[in-house]
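There are 2 protein chains.
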Amino acid sequence: MEKDIHSHHISQQFNAELDDAKTRMLEMGGLVEKQVRDAISAFMNLDSGLAEEVARRDNKVNNLEVEIDEECTLILARRQPAASDLRLVLAISKTLNDLERMGDEASKIAKHSIALANEGGVSRSYLEIRHIGDHVGSMVRDALDAFARFDSPLALRVAQEDKAVDTEYGTAMRSLVTYMIEDPRSIGSILNIMWSLRSLERIGDHARNIAEHVIYLVEGKDVRHAALEEMEAEVKG
Amino acid sequence: MEKDIHSHHISQQFNAELDDAKTRMLEMGGLVEKQVRDAISAFMNLDSGLAEEVARRDNKVNNLEVEIDEECTLILARRQPAASDLRLVLAISKTLNDLERMGDEASKIAKHSIALANEGGVSRSYLEIRHIGDHVGSMVRDALDAFARFDSPLALRVAQEDKAVDTEYGTAMRSLVTYMIEDPRSIGSILNIMWSLRSLERIGDHARNIAEHVIYLVEGKDVRHAALEEMEAEVKG
Numbered sequence: 001m002e003k004d005i006h007s008h009h010i011s012q013q014f015n016a017e018l019d020d021a022k023t024r025m026l027e028m029g030g031l032v033e034k035q036v037r038d039a040i041s042a043f044m045n046l047d048s049g050l051a052e053e054v055a056r057r058d059n060k061v062n063n064l065e066v067e068i069d070e071e072c073t074l075i076l077a078r079r080q081p082a083a084s085d086l087r088l089v090l091a092i093s094k095t096l097n098d099l100e101r102m103g104d105e106a107s108k109i110a111k112h113s114i115a116l117a118n119e120g121g122v123s124r125s126y127l128e129i130r131h132i133g134d135h136v137g138s139m140v141r142d143a144l145d146a147f148a149r150f151d152s153p154l155a156l157r158v159a160q161e162d163k164a165v166d167t168e169y170g171t172a173m174r175s176l177v178t179y180m181i182e183d184p185r186s187i188g189s190i191l192n193i194m195w196s197l198r199s200l201e202r203i204g205d206h207a208r209n210i211a212e213h214v215i216y217l218v219e220g221k222d223v224r225h226a227a228l229e230e231m232e233a234e235v236k237g
Numbered sequence: 001m002e003k004d005i006h007s008h009h010i011s012q013q014f015n016a017e018l019d020d021a022k023t024r025m026l027e028m029g030g031l032v033e034k035q036v037r038d039a040i041s042a043f044m045n046l047d048s049g050l051a052e053e054v055a056r057r058d059n060k061v062n063n064l065e066v067e068i069d070e071e072c073t074l075i076l077a078r079r080q081p082a083a084s085d086l087r088l089v090l091a092i093s094k095t096l097n098d099l100e101r102m103g104d105e106a107s108k109i110a111k112h113s114i115a116l117a118n119e120g121g122v123s124r125s126y127l128e129i130r131h132i133g134d135h136v137g138s139m140v141r142d143a144l145d146a147f148a149r150f151d152s153p154l155a156l157r158v159a160q161e162d163k164a165v166d167t168e169y170g171t172a173m174r175s176l177v178t179y180m181i182e183d184p185r186s187i188g189s190i191l192n193i194m195w196s197l198r199s200l201e202r203i204g205d206h207a208r209n210i211a212e213h214v215i216y217l218v219e220g221k222d223v224r225h226a227a228l229e230e231m232e233a234e235v236k237g
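Chains A and B are the protein sequences, given in the same order. Numbers 1 to 237, taken from my numbering, label the letters of the first sequence in order. Numbers 1 to 237, taken from my numbering, label the letters of the second sequence in order.
Since the hints were derived computationally from the structure, they do not count as laboratory data. Take these hints with a grain of salt, some might be off.
It does not matter which identical chain is meant; a pair holds if it fits inside one copy or across any two.
[To be verified] Quick list of in silico lysine-lysine cross-link-like pairs, DSS-like style, CA-CA up to 25 Å:
no.: 1; residue 1: Lys60; residue 2: Lys163
no.: 2; residue 1: Lys221; residue 2: Lys22
no.: 3; residue 1: Lys60; residue 2: Lys221
no.: 4; residue 1: Lys34; residue 2: Lys60
no.: 5; residue 1: Lys163; residue 2: Lys108
Let the hints inform the model, and build the full structure from the sequences given.
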């Protein structure tokens, strides 16, 4: 698969530039993965020190987006890639945007964990954060692996997982509303859990977006907003 | 300004293609503006019919994103634009993405208004929705006007407004939390207002993103994640 996609290079130098942009984007992906993981840990342990680190590191994620996207623009300007090379540059650029937004959401989770810690936590467990967080974390990892290996079947599985996360999210929210009604003094605290779950759900959406970029890149077909069945047809067809 | 930006065209045909992509993007922007406006009306009047229309039309927004983005990719592939033409194509493509996400948020507001109507509304007013909605609505219009006219000072004002919206949003949320605590039976209904405010705040963020794309396009400088002061220096410098 990788050989096919890389069959149009006009020069070794161009090849090296494309590889560099992809590698740096995947490194940024690794940093964002860590941000998500650390934000979830900070939340589960009400560890405000770790949460502040996550919030601080968001700057680094933002800078990487701008730097690597500039690299992509330079490749477009100088090398004027066509066909699959063009798709690769565009898919990298779009993925950068999704990674940056995942980083924002991780930073929001960190801030909500600080707010929750300041309120002294809540007597109820935060197990939904752990559960959905683990699920979303593995979607992020798989989406990046799918990009690294140009693996569209894996990308399709990420898109399928997103549906499961949405269902888990709905269930968790309903149980939190019930808890709020039973114990109105906990409203402020529970809202921090709700906002954080929302952020996790958004991170899942961005992982799905990355998966769609991978399918576009490998299959040459834009599957944004396509139903899962259409995506399956593209990947298997 | 417009003349400068358009000074590198290699052909009339290329010129026409670029103009067409820009025009279609701005038309999509007009549709998204309407979606936001209708979603706010549906909410204020608990008009589920209108809300359902908004939710249905979101498909059209999604399709436009994919179609116009494909047009951009074709321009990149065939015309291999450089300098300001390249920036224009990339700015259009990034703006499409922000518009599509605004459309998603409008559709979420519509769904929350249906949920609120089904619960019979709440005795409290939804004035925050109207107030912040009007503010955000004018940011969206200004961001699109700034793009249409390559007007970076107007784009800068949009970015400045986003800060004001964030402050209004914080105040509104605190007052809603207080209301919930005083009247726990309203929790479910108030959450629909909160989620909708959150969507409006996100729409403001996307308007700011579009403003940043305009500054990038006109000034040649990527100001994403820059502080307002840095943006001011770029636009005025």
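Here's how the hints hold up against the structure:
1. Lys60 with Lys163: So Lys60 and Lys163 pass the 25 Å test across copies only (22 Å; inside, 31 Å).
2. Lys221 with Lys22: both (20 Å within a copy, 23 Å between copies)
3. Lys60 with Lys221: Between copies only: 19 Å across, 32 Å inside.
4. Lys34 with Lys60: within (12 Å within a copy, 36 Å between copies)
5. Lys163 with Lys108: For Lys163 and Lys108, the Cα distance is within 25 Å both inside one copy (23 Å) and across copies (17 Å).
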